[in-house]
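In our numbering, the protein residues as written are -2 to 415.
Among the hints, erroneous ones may be present.
Think about it this way: if two alpha-carbon atoms lie no more than 20 angstroms apart in a straight line, the pair counts; the simulated EDC-like pairs of lysine to aspartate or glutamate are [to be verified]:
1) K168 <-> E75
2) K265 <-> D306
3) K168 <-> E233
None of these hints come from the bench; they were simulated from the model. The model shown is predicted, which means the values in this text are computed figures rather than measured ones.
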Amino acid sequence: MALRVACIGGGPGGLFFSTLFKQTVPDADVVLFERNQATDAFGFGVVFSDATLNRINDADPVVRNGLRDFGTHWEDIEVWLKGERKSFAGNGMAAIYRKTLLKLMQDRAAEVGVDMRFGQYVPDLSQLEGFDLIVGADGANSSTREQLGESLGHTAETATAKFIWFGTTYKFSGLTFVHRQSEFGNFAVHGYPISDDLSTFIVETDEATWRKAGLDEFDASQPPGPSDLKTQRFLEKLFAEDIAGQPLVANNSRWANFRTRRTRTWHKGNVVLLGDAVHTAHFSVGSGTKMAMEDAITLVREVAAHQDDLALAFTNYEAERQPQVAKIQNQARGGLSWWEHFARYYNSFDPTSSPSTSFPAASTSTRSASATRSLWRLRNRTGWTGTEARRWKHLFRQDPSNSADACSPSHTGTVSRR
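Produce the entire structure from the sequences given, and follow the hints as far as they go.
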C-alpha cells in the first residue's frame, strides 16, 4: 500500500522534502499544504556559500540551475567602516531572490507529481489523520511544533539586538557590511545582491539606539503585510550616501529580535519536523535555508529506507542532523554576539589599520570559516601591534587567532522553554 505523506509548509525546506520524497518513492502520495498563496513570498534573498552547495546540488539540480540562471555570485566580502572600504577575497557565495527560488521549486515539485495545495492552513493535526507521515516544515513559528507539546524540549533564546529586513534597488557587488553612526547611535547593514536589480538590505542596531531614534512606534504584532514606513524613510536618509540615493524596498519589513531555536526531540508519533521549526541560526551565517534543505535530504533517505519503521527513520535522522545543526548554531554565536555589542566594537577599532578593520568582517560573518582564516593571514602579512592584539583579546576574551570562535563574547539573551 502506497505511503501517504503530508508536508505542512511550502518554503524551500518543505518543497525540497516533497520533491525529493516523490522522486525517491514514486508510488507515494505526497501532499503539500501551504497557508499562503503560491505567489506570496515574504523576505528578499536566499544566500548559499559555495562550500555548502554540493550536497544540495547532488540531491536535485533545482537550486544549482536557479542560481546559474537567475542568481548572483561573488568572491569577496567588503566592510565599509569609518569612511574606508576593505575587501577580503576567497569567500565564494551565491544568492537568489526568494520569490524566484520558490517559483522554481514549485515548478519542480509539480513536475515530479507533488500535490500542492496553496491557501490551505492546517490548524489541527487531527485534520491529517489519514496520512501515514506528517512533516512539519512550517517555519520558526511552527504551529505543528506547538501542537506536539512540551515533550519536544523546545527552547527559544531572544537576542537583544534589533534587526529589520528590506531590499534596495542599489546593487552591491557582493556581501557587504556597512556601518553608520547617527546622532542616536550606531546602525549597520548586511547587504548582498540577489538579482540584476535588487539587493537584500538587513539593518541591525541595539535597542537603546532604536528607541532613541523613535523607531519603536510600529506595531510589529499585527498580521504579516504592513511595513514600518517610518523606519524605511529614516534608513534611506541615513544610508543615502552608501546606496547612491537609491530607495529601500519594503516587504513585510518590521523590527524584530532574532530568536535562536533549539529542540531536543524532532518527532512525536508519525509527525516529524525540519528546518526553522526545530532550529534556527543567526542570519550572519547564511545557513537557514541550507540547514532546512539538508534536513530534507536526510529525512527522505531515512524514511525511504525504513517505511515500515518510522520511529527508526526518525531516530537515524536526528542522530545525523542534530550534531551538524549544533555545529552551525555554535558558529553563529560569533555573528550574533557581534551584533548585540557592535557599537562598542565600532568605537574600539582603528580604521587606519587594515587588520583592525578586517576583524569586524570575521565577527559579522561566520558564513565561511575561510573568512576568518584569510583575515588572520592578512594580520600576519601586515603586522598587528601588541596594543591592537590586547584590545581584541580584551573585547572578545580570546586570542584573535582562535578562528571564528574568537568572535564570541558572552551572549546576553533571554531563553523561553516550551
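Item to check | Pairwise hint evaluation, D306 against K265, where the allowed Cα distance is 20 angstroms at most | outcome: Within the cut-off at roughly 13 angstroms; holds.
Checklist entry - K168 and E233: Cα distance at most 20 angstroms? => result holds, 15 angstroms
Item to check | Hint consistency between K168 and E75 [alpha-carbon to alpha-carbon, up to 20 angstroms] | outcome: holds, 13 angstroms
Checked against the numbered hints given earlier, this structure breaks none of them.
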